[in-house]
Amino acid sequence: MSAGGSNFDEMFGGGGQARPAYDEYCRWYNEQPGEFLRRKNREADDSFRRTGITFNVYGEDAAEERLIPFDMVPRIITAGEWRKVSRGIEQRVRALNSFLYDLYHRQEIVRAGRLPERLLRKNDSWLANMVGFTPPGGIYTHIVGIDLVRTGPEEFFVLEDNARTPSGVSYMLENRETMMGMFPDLFSQIAVESVSNYPRRLARSLAACVPPAFTGGKPTVAVLTPGIYNSAYFEHAFLADQMGAELVEGSDLRVVGGRVQMRTTLGYKPIDVLYRRVDDDYLDPLTFNSDSALGVPGIMDVYRSGGITIANAPGTGVADDKAIYSFMPEIVEFYTGEKPLLPNVQTWRCADKDSLAYVLDNLAELVVKEVHGSGGYGMLIGPTSSKREIAAFREKLMARPSNYIAQPTLALSTCPIYTAKGLAPRHVDLRPFVLVSPEGIDITPGGLTRVALKKGSLVVNSSQGGGTKDTWVLKD
Amino acid sequence: MLGRTANSLFWMFRYLERAENTARLLEAALRMALTRDVVTAEAEWRSVIATLGLSRAYEALHESYDGLQVWNFVLRGPSNPGNVRHMFGAVRSNARMARINISSDVWEAVNDNWMKIDALLARPVGQMAVGEALGAIRRAGTQVHGAFDGSMLRDEGYHFARAGTFIERADSTARILDMKYFLLLPSLSYVGSSLDTGQWEQVLRSVAGARVYSWLNAGQIEARGIVEFLVLDDRFPRSLAFCRNMLREKLAALARMHGIEGRAAALMGDADARIRHLAVDQIFEAGLHEFLVDFLACNAAIAHAIAEDYRFHG
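Quick note, the sequences are listed as chains A and B, same order. Numbering-wise, the working numbering puts 115 at position 115 of the first sequence, and it's gapless, one number per residue. Numbering-wise, the working numbering puts 155 at position 155 of the second sequence, and it's gapless, one number per residue.
Incorrect hints may appear among the rest.
[Claimed, not checked] Cut-off 35 Å, straight-line C-alpha distance, at most; resulting in silico cross-link-like pairs (DSBU-like, lysine-lysine):
#1 A/K339 / A/K387
#2 B/K116 / A/K455
#3 B/K116 / A/K421
#4 A/K454 / B/K116
#5 B/K116 / A/K40
[Said to hold, decoys possible] Listed next, with one range per pair, are the computed distances between beta-carbon atoms:
#6 A/G306 / B/A122: 52 to 60 Å
#7 A/G13 / B/A119: 24 to 32 Å
#8 A/D46 / B/R139: 54 to 62 Å
#9 A/R50 / B/D149: 53 to 61 Å
#10 B/A129 / A/R38: 27 to 35 Å
#11 B/D281 / A/S47: 55 to 63 Å
#12 B/R123 / A/R38: 27 to 35 Å
#13 A/Y229 / B/P237: 47 to 55 Å
#14 A/K454 / B/D66: 49 to 57 Å
Treat the hints as calculated values from the structure; they're not laboratory data. Yeah, the Cβ is synthetic: ideal placement off N, Cα and C, and Gly gets one too.
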């Protein structure tokens, strides 16, 4: 599978003519002298390095910080396309929250026979101590990232739901800042929807979900980070900074008088809303992983007794499971009474005997993923794997079929990147960011476009050499 | 502000100051070594290592004191955990931890300079490169201080950072003075007989005070004047008196903001009482070394009390 050929290119469609979304951009691009573009391309890297927008790579030296490569050619979506996509996202996110509420309450969807009970029992992210508890404001997923892929002018699919702790929003914001700094004239010629008020909207969303123990005044919001060696530390600091929230670590927090409090220079001060960027497992050593030094002993008790709001709610990871994903069309229909506006990618559940047989017969054509996996780890991409790799994966799959799902290798759309030899098509995906509060669902126009920088590659994850682009939604 | 963040700001500026002072000390020694014979040069490098409290670590590795070895050990020696490269790494990681409490200007000044210095110190620093490296370290201090004063809100974070600056600076000046006094002791008579003016000039150079001092004293280099200048002259920004005044100001501001006078403020009061109205002759009578040891102990106690008063560690 390679770029070009049967793949839909978002800039040029099939032919050499720019599609309407890219019309003005291409005209601008063609007017720029080659030397100017080369210089700007070099400057972009420097600017990211200076601002310290880096991430740490797992499995490497803790001190190693890398840049996520940035490509300066924007990915452009028209207002009409976006309206359609965002309606689908809103429907899906609404369904996800209803689904999570139901799972931890009466489980109507299981009673109705629309979702097998074993999917919950076997789900590592399922939290028994969330049963019967309703989070403040009834919101489970305050922040959601819905990963989309495109295969044609009108064809968008949901590839993954990230209801746990979606990351990447700081890159969306910094990519735009960088682009505006590099090409101010471009933004004066083309009307692009702004993304810059995301942190304000996030702060408002979080403040709208205060816990019962909130005593009035201005709610105290804090971002909980695992610390400076975490791969997304830059983002945690960035969001806290932009929201005017505190940036705390587990060692700053303690349960005092039924509240989670942070150690300030004036003594302990209660936190109302905690935007945590620490996984469930590490959140409370008394409840979960007792080795964890990242969390707060006793926070789950405080949470359940209404002393704090945790965003996203513990236990939301259930919905990120890829076996659950395969039921999303049923889930959307069950809770909204509507057909899904955004389709899923066709998915074979290997737990199912017939599906497993089909998957084993067609491994070379399929993408096989672990149900709990993320970050592009532990997956097989049939068409780009060697016979040996496929054989090794077949063993793993047969040993534990229920741990896997399979999907067809999609003809992912491409968008050109800037290279020394000019524009060259590369595969992209899109992660729009969605904020949920009692006041409604708020979707930032665009999102984070990830791009596979290697020619023909389908893996866009930053942990595996992917880059990012600024994503534009055009104004009407 | 979080106690942990206050700690980060305090140490970010202590390490920045320490890196800068170390560079100045090396610059002064470098200049001295160039103008003297081999024996004096070796003594000079030995005193640099002693001033920095690194004698044992250095001698575990090297048998002689030679400039190239000394500055590489101090700047980037892997067996020296307190090397300048690490100090600057600590400046940056503290800045990252306090990222939301410092302005972008400050962050960029730190990050830019860290990239530069880390690259300069990544490989052994030769004779031709040492000047550039030391200059870069010194300028890093200047740039971060400039960005800090020009863009930071004067809230508690500012005062914690500046308390760190002046605690560290006072510590450095006192140590340099103590070491030189100790080395010069045999030949020293403070009434100005057989002292080595070159050595004293070098003390002034180490604290960036040579020009100002000779301007104030019409070029007269003598121990009494220099000690008076470095200890008591509250116009000179690296003198002990100046650092104390600034620290007192910062502690008062912090006490005002928090509505509590902590243990640090009380210690400060005691320390003040001891040097108030002190004349240089009295210092010499009671012993400069004893005076400096006492000063260093007070300084360290105040730093410790700040960390406790404001819950740096819980």
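For this session: Find the hints from earlier in the document that the structure breaks and name them by number, from lowest to highest.
Result: Numbers 1, 7, 8, 9, 13, in rising order.
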